[in-house]
Amino acid sequence: MKSRLDPRHKRRREAIKDLFAFSYNDQKIGPLAREVMAQSEKIDLEIAESAPQWPPEKLNRIDLAMLRLAIYELLFTKTPSKVIVDEAVELAKEYGGENSPSFVNGVLGDILKRHDEIL
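The numbering of the sequence shown is our numbering, which starts it at 1 and goes up by one.
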């Protein structure tokens with residue numbers, strides 16, 4: 001993360017806010033959050049496989065929003081995985097709980113290991 005003013009960071013922050021709010025009720029969300037939600041079934045399967053003790057329905061909603069965005073970027077964009085993981089951990093520090101950064105890092109690390117040949 002270069003800075004909180006970086007347009008990519010701002011875009012991710014807005015997407016996380018949209019995804020978090022959407023988890024409580026259907027509402028209008030921005031384009032990036034819509035793209036993420038369009039792939040939510042596949043993304044949630046990745047979460048369930050990487051963190052079987054924490055399936056998506058049991059996760060803290062802000063952690064779920066951060067993971068969904070990061071996994072979407074890993075699987076469906078050409079953004080370098082190191083950038084995605086670093087940004088996700090920074091966002092987890094900003095929005096999540098005390099254990100969120102390490103949890104997010106661990107889940108993303110497991111996904112990267114499983115998809116190493118693809119990513």
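These aren't lab readings, by the way, just hints derived from the structure by calculation. Values in this document were obtained by computation on a predicted structure and should not be read as measured data. Treat the hints with care, as some may be off.
Label pairs and their computed distance ranges (CB to CB) [to be verified]: (1) 86 with 35: 29 to 35 Å; (2) 34 with 78: 16 to 22 Å; (3) 23 with 98: 19 to 25 Å; (4) 28 with 52: 32 to 38 Å; (5) 82 with 24: 28 to 34 Å; (6) 105 with 41: 20 to 26 Å; (7) 60 with 26: 18 to 24 Å; (8) 13 with 75: 19 to 25 Å; (9) 102 with 75: 28 to 34 Å; (10) 93 with 7: 16 to 22 Å.
Every residue gets a Cβ at the ideal spot worked out from N, C-alpha and C, and that includes glycine.
CB of residue 93 to CB of residue 7, is that within 16 to 22 Å?
holds, 20 Å
Should the hint that residue 34 and residue 78 are 16 to 22 Å apart at their CB atoms be regarded as holding?
holds, 19 Å
Within 18 to 24 Å: is that where the Cβ-Cβ distance between residue 60 and residue 26 falls?
Holds: the Cβ-Cβ distance is about 20 Å, inside 18 to 24 Å.
Beta-carbon spacing of residue 82 to residue 24 - inside the hinted bounds 28 to 34 Å or not:
holds, 32 Å
Just to be sure I understand the hint, the distance between the Cβ atoms of residue 28 and residue 52 should be within 32 to 38 Å; is that true here?
holds, 34 Å
Range hint 19 to 25 Å: satisfied by the CB atoms of residue 23 and residue 98?
Since residue 23 and residue 98 have Cβ atoms about 21 Å apart, the given range 19 to 25 Å holds.
Outcome of range test on Cβ distance (residue 102, residue 75; 28 to 34 Å):
The hinted range 28 to 34 Å is violated for residue 102 and residue 75, with Cβ atoms some 22 Å apart.
For the pair residue 13 and residue 75, does the Cβ-Cβ distance stay inside 19 to 25 Å?
Between residue 13 and residue 75, where Cβ atoms are some 21 Å apart, the hint holds.
Within 29 to 35 Å or not, the Cβ separation of residue 86 and residue 35?
violated, 21 Å
Is the gap between the beta carbons of residue 105 and residue 41 within 20 to 26 Å?
holds, 24 Å
The structure fails to meet hints 1 and 9 from the earlier list, while all remaining hints are met.
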